[in-house]
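*Asks:* Residues per chain, in single letters:
There are 2 protein chains.
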Amino acid sequence: MYVAIMGYGVVGSGVAEVLAKNHHSITKKSMQSELELKYILDIRDFPGDPNEKLMIKDFNIILNDDDVKVVVETMGGLHPAFEFVSACLKAGKSVVSSNKELVAAKGDELLKIAEEKNVNFLFEASVGGGIPIIRPLSQCLAANEIYEIYGILNGTTNFILTKMINEGLDFATVLRMAQENGYAEKDPTADIEGHDACRKICILASLIYGKHVYPDWVHTEGITKIDLADVEYAKNWGGVIKLIACAKEVDGEKLYAVVSPALVANTSQLSSVDDVFNAILVKGDATGDVVFYGRGAGKLPTASAIVADVIDCCRHTKEKKFFGWESCNENFVIDYLDAETSLYIRAKAEHPEDAVAEIQKTFGNVTLLSRKDAPAGEIAFVTDTDTERALRTKLDTLHILEPLSVLRIANC
Amino acid sequence: MYVAIMGYGVVGSGVAEVLAKNHHSITKKSMQSELELKYILDIRDFPGDPNEKLMIKDFNIILNDDDVKVVVETMGGLHPAFEFVSACLKAGKSVVSSNKELVAAKGDELLKIAEEKNVNFLFEASVGGGIPIIRPLSQCLAANEIYEIYGILNGTTNFILTKMINEGLDFATVLRMAQENGYAEKDPTADIEGHDACRKICILASLIYGKHVYPDWVHTEGITKIDLADVEYAKNWGGVIKLIACAKEVDGEKLYAVVSPALVANTSQLSSVDDVFNAILVKGDATGDVVFYGRGAGKLPTASAIVADVIDCCRHTKEKKFFGWESCNENFVIDYLDAETSLYIRAKAEHPEDAVAEIQKTFGNVTLLSRKDAPAGEIAFVTDTDTERALRTKLDTLHILEPLSVLRIANC
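Residue numbers (the working numbering), protein chains in the order written: chain B, 223 to 634; chain S, 223 to 634.
Keep in mind the hints are simulated off the structure, nothing from the lab. Please note that the accuracy of each hint is not assured.
Any copy will do: because identical chains look the same in the list, a pair fits if it lies in one copy or spans two.
Unchecked claim - Result set (SDA-like, lysine to any residue): computed pairs, CA atoms no more than 20 Å apart in a straight line:
hint, residue 1, residue 2
1, K521, D507
2, K312, A612
3, K570, R537
4, K457, S494
5, K312, H417
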C-alpha cells in the first residue's frame with residue numbers, strides 16, 4: 223500500500239518522520255504487507271532532506287498513480303487544498319487531512335464525495351492535534367445523545383491566558399513572548415481572534431449533530447480585550463478566564479454555538495488545562511462528563527493523529543468508516559443572544575454606591591466582586607441566569623455605568 | 223439484527239435502558255434497518271419489569287438462535303461467564319463484555335476464538351466505565367509507541383482518598399460512608415485491596431504491549447493502611463495520595479506493572495481527579511501526554527460504552543476489529559523491586575536528630591517533610607531515585623528508624 227503526502231511543512235514532515243520511526247509497528251497495525259511513503263508534494267525544494275528523493279511538484283503524479291491509495295493533506299488553507307482533496311477522493315483514493323479550515327468550510331461536500339466513491343475522508347488531526355476526539359465522538363460515545371460540548375481548542379490563546387493568570391503579565395507582553403517562543407504566529411489573528419477555535423468547534427458540532435455548521439454562523443470573540451483586572455476578578459470569583467468554544471443542542475433541533483473568553487469555575491476540569499494544552503469536555507446523556515486532554519498542536523502529536531487515520535484507511539479499504547454530516551442552512555444555529563447565560567460585568571461608575579443600588583434594582587440578585595487596589599469607581603459583578611439579550615438590554619438601561627468588560631460564565 | 227443480554231444486574235439493565243432510550247439514533251448508527259433486544263438471560267425473576275417478556279433462564283436459547291448476532295455479557299465473575307462467552311463466540315456471535323475479571327483472566331483465549339471465528343470480542347466498558355479508552359488506545363494512538371500509562375482506575379478508592387484528603391476523615395470512617403452511599407460494596411476487598419484496579423491495568427497493558435498480562439504477575443497494594451498523617455505529609459510535599467495503576471515498557475521488551483497508593487504531585491493532571499471519577503494518562507512517543515477523564519463506573523456510563531461496542535459489532539459483521547494480544551509467560555513482567563522509583567517514608571525514631579543525620583548518610587539527598595502537631599519522634603522524607611530494592615535495603619539497615627509507612631512517588 224502506498225501513501226503520498228501533500229504539503230511538507232511542520233506537520234507534513236512530522237507525518238514522514240512518524241511513518242519512518244514506527245514503521246514496523248505501523249505496518250503491522252495497518253494489516254498490510256507493506257506501507258510505504260511514495261511521494262511528497264511541495265512547491266519548495268528541500269535539498270539534503272532525508273526524503274528528498276520522494277519530492278515532486280506536480281499533483282497529477284499522485285492523482286494518476288493508482289498504487290497510491292491514501293493521500294495525506296497537510297498543506298493548510300482552502301485552495302488548492304480543496305481542489306486536490308476532492309480530485310483524490312473522486313479518483314477513489316482515501317484522504318486524511320489535518321486542515322481544519324478545509325474541513326470546517328467544505329466538510330459536507332468532501333464527505334459526500336467520499337461516500338459516493340466509497341472511500342474514506344478522515345480528519346482526526348484537525349481538532350485537538352494529538353488528542354483522540356473525532357473517533358471517540360463518532361464511535362465510543364455513539365450510544366449517547368451528546369447535549370453539550372465545551373473545548374479549550376487553541377493552544378496559543380491558552381498559553382497567553384495562562385501566563386496572564388499565573389504571572390500577572392498583560393496581553394501584549396505575553397503575545398510577544400508567545401511569538402518569540404514559536405507558540406504564536408507572526409500574524410496571530412486566527413488564534414487570538416478565536417477563528418481557529420471557531421473552525422474546530424464547527425467540526426465537532428457538525429460531527430455530533432450531523433449537520434454542517436459553518437464558521438460564519440458562530441458568534442466568535444477573541445481574547446485581545448482581556449484585561450488583568452478581569453483576570454483578578456475571575457480569581458476572586460473562584461475561577462479563571464479561558465477561551466471557550468461551546469456547542470449545545472437547543473430544544474432537540476437547533477444549535478447554540480459560541481466562541482468567546484469566559485469565566486470557568488475552579489471546580490471545572492477545564493480550569494486546570496494550562497499552557498498550550500487543549501481539552502474537550504463532552505456531556506452525554508448516558509456517560510455524563512467525559513474529558514479528553516492533551517497537546518492540541520505540534521509536529522509529532524498532530525502527525526501521530528494523521529498516521530492513526532492512515533492506518534485506519536489501510537484497514538478499511540473496502541469500507542467507508544461511518545461518520546459524516548449533511549449540508550444544512552443557517553437557521554440551524556440560533557442567535558446567541560437568545561440563549562441563557564449569566565454574565566460577568568466590569569464597569570466604571572462615578573457614584574459607586576448609587577450604582578450598586580441601581581444594579582441590584584435592575585438585575586436582581588448579583589454577586590459583587592472585589593479586588594485589591596481597584597481604582598475608585600470600578601465595579602464588577604456576576605448576574606444570575608437570563609437570556610443574553612435580556613441581560614444586555616438591562617445593562618444598556620443602566621446609564622449610571624460605563625461598561626468596560628462583559629464576559630460569559632461558562633457552565634462547564 | 224438481534225441482540226441478547228446475559229445478566230440483568232445494574233449494568234445489564236442499563237444496557238436495556240440505553241438501547242430503548244436512544245433507540246432511533248443507535249439503530250441509525252449501527253447501519254442496520256433494525257436493532258432489537260431479543261432476550262435477557264438471568265436466573266432471577268423480575269416481575270413487573272418493562273422487559274419481563276424478554277426474560278429467559280436457559281442460555282441455550284440464545285446460543286441456538288442464529289438471529290442473535292451480538293451478545294452482551296454483564297454477568298460478572300469468571301464462571302459461567304467464560305463458558306457462555308466462549309460458546310457464543312464459537313457459534314459465530316460477536317460478544318461485548320464489561321467483565322474485567324473475565325477479560326483480565328481469559329482475554330487471550332477469548333480473543334483467539336474470536337479471531338478464528340471472524341467475529342468480534344469487544345470490552346470497552348471493562349476499563350474506565352464510560353471513558354473511551356480501549357478504542358482510542360488501539361486506534362487513535364496506533365501511530366505511537368506508548369511507553370507509560372498511569373491510571374486512577376477505581377472509583378471507590380478514589381472516593382475514599384478524596385474524602386480523606388479534603389475532609390480529614392480517616393479510612394475506616396470514609397469506607398463506612400462509601401458503603402452507605404453505595405459507592406462501596408458490602409465486601410469492599412476487591413476495591414480497597416487494589417484487585418479491581420489491577421485487573422484493569424492488566425487489560426490496558428495487554429492491549430498496548432500485545433501480550434497477556436495476568437493479574438497475579440502484578441504487584442498490588444491496597445489503600446487500607448493509608449493514614450491521615452501520610453495524607454498531610456503528601457499535602458506539604460505538594461501533592462496528594464492516589465491509588466495509581468501503572469504500566470511501563472522496560473528496555474523495549476519487558477514490562478513494569480504495579481498497583482499501589484502513591485504520591486502524585488499537584489502539577490499532574492491526575493492530582494485533580496476526585497471522587498468517583500477515573501482518569502488514564504497515556505504517554506506516547508509522538509503524542510506526548512494524553513489524558514482521558516470521566517465516570518469509571520455507574521449504570522449508564524458503563525452501559526453507554528457497551529452499547530457503543532454493540533453498534534460497532536453491527537457495523538462490522540463481516541470484519542473482525544483489529545485488536546488483540548498473544549499469550550505470554552511471566553518473565554514478561556519484571557520484579558517491581560528492580561525498577562527505579564523514589565520513595566516517601568514515614569518512620570518513628572527515638573532520637574530524631576541522630577536519625578536525620580543517619581538518613582542523610584544512608585540515602586544521600588532527601589527531602590525532609592514536616593506537618594503541624596506531628597508526634598515527637600516522627601520523621602518523614604522523600605528519597606532520590608534508585609531501584610526500589612536498593613532503597614528498601616538501605617531502609618532496612620537504618621535500625622535507628624521504625625518505618626510506619628512507605629509509598630512510591632508516581633512520576634505522572
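*Asks:* It remains to establish, for every hint, whether it holds in the given structure.
*Replies:* Hint check results:
1. K521 / D507: Answer is between; shortest inter-copy Cα gap is 12 Å, intra-copy 35 Å.
2. K312 / A612: neither (50 Å within a copy, 63 Å between copies)
3. K570 / R537: Neither. Shortest intra-copy (62 Å) and inter-copy (60 Å) distances fail the 20 Å Cα cut-off.
4. K457 / S494: both (13 Å within a copy, 18 Å between copies)
5. K312 / H417: neither (30 Å within a copy, 53 Å between copies)
Hints 2, 3, 5 from the list above are not met by this structure, while the remaining hints are.
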